[in-house]
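Undergrad: Going down the list, the sequences are from chains A and B. To convert, note that position 7 of the first sequence is 7 in this note's numbering; the numbers rise steadily by one, no gaps. To convert, note that position 76 of the second sequence is 76 in this note's numbering; the numbers rise steadily by one, no gaps.
When the alpha-carbon atoms are kept at most 30 angstroms apart in a straight line, the in silico DSBU-like pairs for lysine-lysine are as follows:
id: 1; chain 1: B; residue 1: LYS62; chain 2: B; residue 2: LYS80
id: 2; chain 1: A; residue 1: LYS79; chain 2: B; residue 2: LYS62
id: 3; chain 1: A; residue 1: LYS6; chain 2: B; residue 2: LYS80
id: 4; chain 1: A; residue 1: LYS79; chain 2: A; residue 2: LYS6
id: 5; chain 1: A; residue 1: LYS79; chain 2: B; residue 2: LYS80
Honestly, the hints are just simulated from the structure, not real lab data.
Single-letter residue listing:
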Amino acid sequence: MNRTQKCAWFTLGISSLLILFLAFVLRSMFVPGDRMAGVGLVMSWLWLILLFMVGSLFLVFYRQSQAEPAADERDRLIKRNAVLASFIGVWILLAMETVLPRRLAGDAGSIPVAALPIINTAILFTAMLVYSVAVLVQYGRGVENEQ
Amino acid sequence: MNRAQEASLALMILMPLGALITGSVAVLLVYTQGTRFIPLFMFTLAIVLGSLFWLLPPVVQKLHKSKRVQSDERDVLIYKNGAVAAHVVLWLYFATACLVAWWFAGPEGMVSVNVMPLVLIGAVALFLLVEYLVAFIQYGQGGNDDE
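Chain B on its own, in the form it takes in the complex (with noise of 0.2 angstroms):
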């Protein structure tokens, strides 16, 4: 296994589970503290961080373009397709979150705007999980080439 492997798989455990316990720990705290700024934050961190951590290499790339290489084209292009992919499987999560709430709750049954949030902490857990599953993927198929 490669550093840039490695790097990956660290970030496919620790930032889904960071997501993950971040936003539902802040869902809980509305749910039993009511609505308040620190939980909100949590909530609206672990959204922003997990959703839009993938813009972090390119806009990196960008800004030290004349400087020292952070991350060269190919890092850009493995996360762009990752990125890609996990967009892919959102949308899957989303059609079968849906089917599974019509199937539990029937064609005229209702769905608690509680659900909502953490459907949505899911969604981002998901998509960071994929989203280095490929990276850790791409990297494991040219992963000699640049060592």
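Bound conformation, chain A alone (with noise of 0.2 angstroms):
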């Protein structure tokens, strides 16, 4: 596994990890009276998020071995197709953004100021799980040398 694959996994990891974190706290700001209930649980997922990051990072930066190879033009492609997904995927979840509260809310509803930043901020680490399951899947396909 080389270290593209290594940072794909770890923001595959992180940006999971973030998105539940935000569904929590989004969750808690439309249960009546959970607003505070959640600062302790808040504070765990902080740790958890931080643990990760830092154990990740580790093994992000740690050379298995000599012969693991370092990034080539085949993995630019690979990251380059990824972001093109991941652009894709963002301008997908803004539209959802749009519609979605509509939705829910009908035409006359509204929705908490402080919602929009979780969301969008939400919309964010969606896109950046977008670009690691990108990767993994073009390297795990084996990517099509012909490109």
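Build the complex: two chains, separate frames, hints provided.
TA: The structure is reproduced here in structure tokens:
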């Protein structure tokens, strides 16, 4: 496994954790009386994310052997394709962000202002998730070398 | 000003205006007449064309690989750079939109779901503007090479 793959696994893990965390925070905003109840849990989430980051960063930068390949032209192509996939994902998610609240809250509905940064950050992390999945899928498929 | 610069200047003006007018009219029609097919189609068209138009040059190049040259490697690279820069600006736009909403409505404030489509239309217009502005600048920098 080269560094690009390790980074993709790391991004996949960290973005999944952060999306779960943000979903938890967002849920607490819509449950009456639950907003402050989650402070202790937020702290434990943050510890979990920090521990995951430290452990994963060590694994990413630790070379298993001298034969472990560094990034080459194929890696760059894979990353470029993954970035394109995540850009398309961003637009789909942004469109969903516009349509879903209207569907859920109705034509005259409204949502808390504080939810907007959380939703947008969740979209950012989902784009990271799409990127890492796209990288891993391309490595899994062996990437058509004719490109 | 070379031909490519003129084209990107025209697109820089026409595309954001087109997206802004089509999208806003569609949103206004939905507000006044309710959800119907034509405004929804106009809105979807503005979003899809505006947000994914940057994929056109690479796709055209791929389709016409063995046929007549539509756009060369440099054009594709310029539009890709433009798309990347526009996505960076897109995130800044959404961060600013969240902050502005928070500033005006307060931390406990609410925002109508009807504002969200207009924010998205603004994002598409800004995205197109930045994309073609970057292309215009890049064509200007290396414009004499292909003349």
